[in-house]
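Chains as they are written, first to last, in the numbering used here: chain A, 1 to 247; chain B, 1001 to 1247.
Read the hints as simulated data drawn from the structure, not as lab findings. Glycine is no exception: its CB is placed at the ideal position from the N, C-alpha and C atoms. Keep in mind that a hint or two might mislead.
Straight-line alpha carbon distances no greater than 27 Å define the calculated DSS-like cross-link-like pairs of lysine-lysine that follow [what the hints assert, rightly or not]: (1) A:Lys8 with A:Lys96; (2) B:Lys1008 with B:Lys1032; (3) B:Lys1031 with A:Lys96; (4) B:Lys1029 with A:Lys96; (5) B:Lys1032 with B:Lys1096; (6) B:Lys1164 with B:Lys1008; (7) B:Lys1213 with A:Lys28; (8) B:Lys1029 with B:Lys1237; (9) B:Lys1096 with A:Lys29; (10) B:Lys1096 with A:Lys31; (11) A:Lys8 with A:Lys29; (12) A:Lys164 with A:Lys237; (13) B:Lys1213 with B:Lys1237; (14) A:Lys237 with A:Lys28; (15) B:Lys1028 with A:Lys96.
Residues from chain B that keep clear of chain A, each with C-beta distances beyond 10 Å, as calculated [stated by the list, open to error]: (16) Ser1036; (17) Arg1065; (18) Gln1066; (19) Glu1068; (20) Lys1079; (21) Glu1092; (22) Arg1126; (23) Ser1135; (24) Arg1192; (25) Arg1233.
Number of protein chains: 2
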Amino acid sequence: MEKSSEEKGSNIVLALDPPLDDRMQMIKKAKKILESTRDHICAVKFNRHLILPLGLFSGVQELIRQAEEYQLPTIMDCKINDIGNTNRIIAEHYFKGGFEALTANPFVGWEDGLQPVFETARRMSRGVILLVYMSHRSAGEGYGRAFVTADNERAPAYSIFARKALEWKADGAVVGATYPERIGEISSILGRNVPIYSPGVGAQGGKISLCMKNGARYLIVGRTITLAQRPGRVAEKIKTQARVRVA
Amino acid sequence: MEKSSEEKGSNIVLALDPPLDDRMQMIKKAKKILESTRDHICAVKFNRHLILPLGLFSGVQELIRQAEEYQLPTIMDCKINDIGNTNRIIAEHYFKGGFEALTANPFVGWEDGLQPVFETARRMSRGVILLVYMSHRSAGEGYGRAFVTADNERAPAYSIFARKALEWKADGAVVGATYPERIGEISSILGRNVPIYSPGVGAQGGKISLCMKNGARYLIVGRTITLAQRPGRVAEKIKTQARVRVA
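Required output: the full structure, derived from the provided sequences and hints.
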């Protein structure tokens, strides 16, 4: 990711979630968005928007090959949160399907939970990005909840998850751009060890400047780009905005 | 579910997760397991084991049609835990694909979280089953964790999730058979309003008798049946064991 970001001069991860349509139109639309934004992004994130209608080993393969052609790493945002055996099978499928990283929910725990995901990722030289604070309105109901810790103190879920990201050597942490103060707090726990991926600018209302200032390393941008008349132009504009803040 | 369970005289939900194989073999194997267990189960649960390699709208359709032919309801165990907009799209795909219910993780919260899933389910007359306590070894790391409640008291995550299941009018609650004492506690919160689905007997070590005695309504059984030499025989045996305990 670091290398791709430097080469492309961008820290924008495109969330390639085109609006619902018939399958052929979805592939066509997604290919067009990817083609027009390729010079302004450093990675592509997929979600179930494409996987479910197109199929991981059928339609989606065309898009993964296109991303590879552009030397853009691909991330599967599957938010893994099942039991260990199932998690391992899910991870193997996505990695065999060509994804270079996937997202996972630390709430599931380590033993017989996410441990097999990290092991599979290490074995196949892929990455695991943990959800630390999500971008939606009720994120506080879970991620912002005060937990009782092992030593009987109180700590918010996200601070416990950030510490797990360090302990488990995660390759990234997701923190919603809609909660810039959380990005700051989590960034102070993670330091430079685990980069923060921040979704939620644009359609969800997050502000690029605050987000970058508070410690986000990558911005995940979906609808603002995918629903635009000219996705390439919008991606370029966001890339420039985010770069100015980094500099 | 209630109707199917009565008609079939069974409270066994088959977790149709055949071992990894090439795609044609997987479909063949899954069809055979479904055929041989049809008289001993009341529903079929799918997970990513089949969805990812076969595709929701391609290979999996054969199996869903087979289940419909046997009048067996189908559950998609997708453990939804994304933002509202994505959750809605995931739910729509699975319901359009023929599933009659899906599973969701209450940790994600209500507003802009699971609310769109419940709304989509209601609109399409389908069900939502919430994870309340999972069956894996580190389930306690999240589901068993003490949360600080709104009135500054302490309560385990699972009791808060069980109350959400009541409040959100969930169609079921998942509680691992590997934690029979949790089934009892959660059952005393849910009463007869929300039936408990319990995975983890057999391969994961849960005991049928304790599980039923403590308040489980349905047993979810996967590997014990799918890896057996004679899946039908094993399903029949488990059905009988579980029925005795109910009577």
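Status of the hints after comparison with the structure:
1. A:Lys8 with A:Lys96: With Cα atoms ~26 Å apart, Lys8 (chain A) and Lys96 (chain A) stay inside 27 Å; holds.
2. B:Lys1008 with B:Lys1032: 19 Å, holds
3. B:Lys1031 with A:Lys96: 25 Å, holds
4. B:Lys1029 with A:Lys96: 22 Å, holds
5. B:Lys1032 with B:Lys1096: Holds. Lys1032 (chain B) to Lys1096 (chain B) sits at ~25 Å (cutoff 27 Å).
6. B:Lys1164 with B:Lys1008: Distance ~30 Å between Lys1164 (chain B) and Lys1008 (chain B) Cα, so the pair is violated.
7. B:Lys1213 with A:Lys28: 55 Å, violated
8. B:Lys1029 with B:Lys1237: 21 Å, holds
9. B:Lys1096 with A:Lys29: 22 Å, holds
10. B:Lys1096 with A:Lys31: 25 Å, holds
11. A:Lys8 with A:Lys29: 23 Å, holds
12. A:Lys164 with A:Lys237: The hint is violated at about 35 Å.
13. B:Lys1213 with B:Lys1237: At roughly 18 Å apart (the allowed maximum being 27 Å), Lys1237 (chain B) and Lys1213 (chain B) satisfy the hint.
14. A:Lys237 with A:Lys28: 24 Å, holds
15. B:Lys1028 with A:Lys96: 22 Å, holds
16. Ser1036: 23 Å, holds
17. Arg1065: Arg1065 (chain B) is indeed farther than 10 Å from all Cβ atoms of chain A, at 17 Å.
18. Gln1066: 19 Å, holds
19. Glu1068: For Glu1068 (chain B), whose nearest Cβ neighbour in chain A is about 20 Å away, the distance exceeds 10 Å, so it holds.
20. Lys1079: 5 Å, violated
21. Glu1092: 8 Å, violated
22. Arg1126: 16 Å, holds
23. Ser1135: Not fine: 6 Å to the nearest Cβ puts Ser1135 (chain B) too close to chain A.
24. Arg1192: Correct as stated: the minimum Cβ-Cβ distance to chain A is 27 Å, above 10 Å.
25. Arg1233: Non-interface label on Arg1233 (chain B) holds, nearest chain A Cβ at 24 Å vs cutoff 10 Å.
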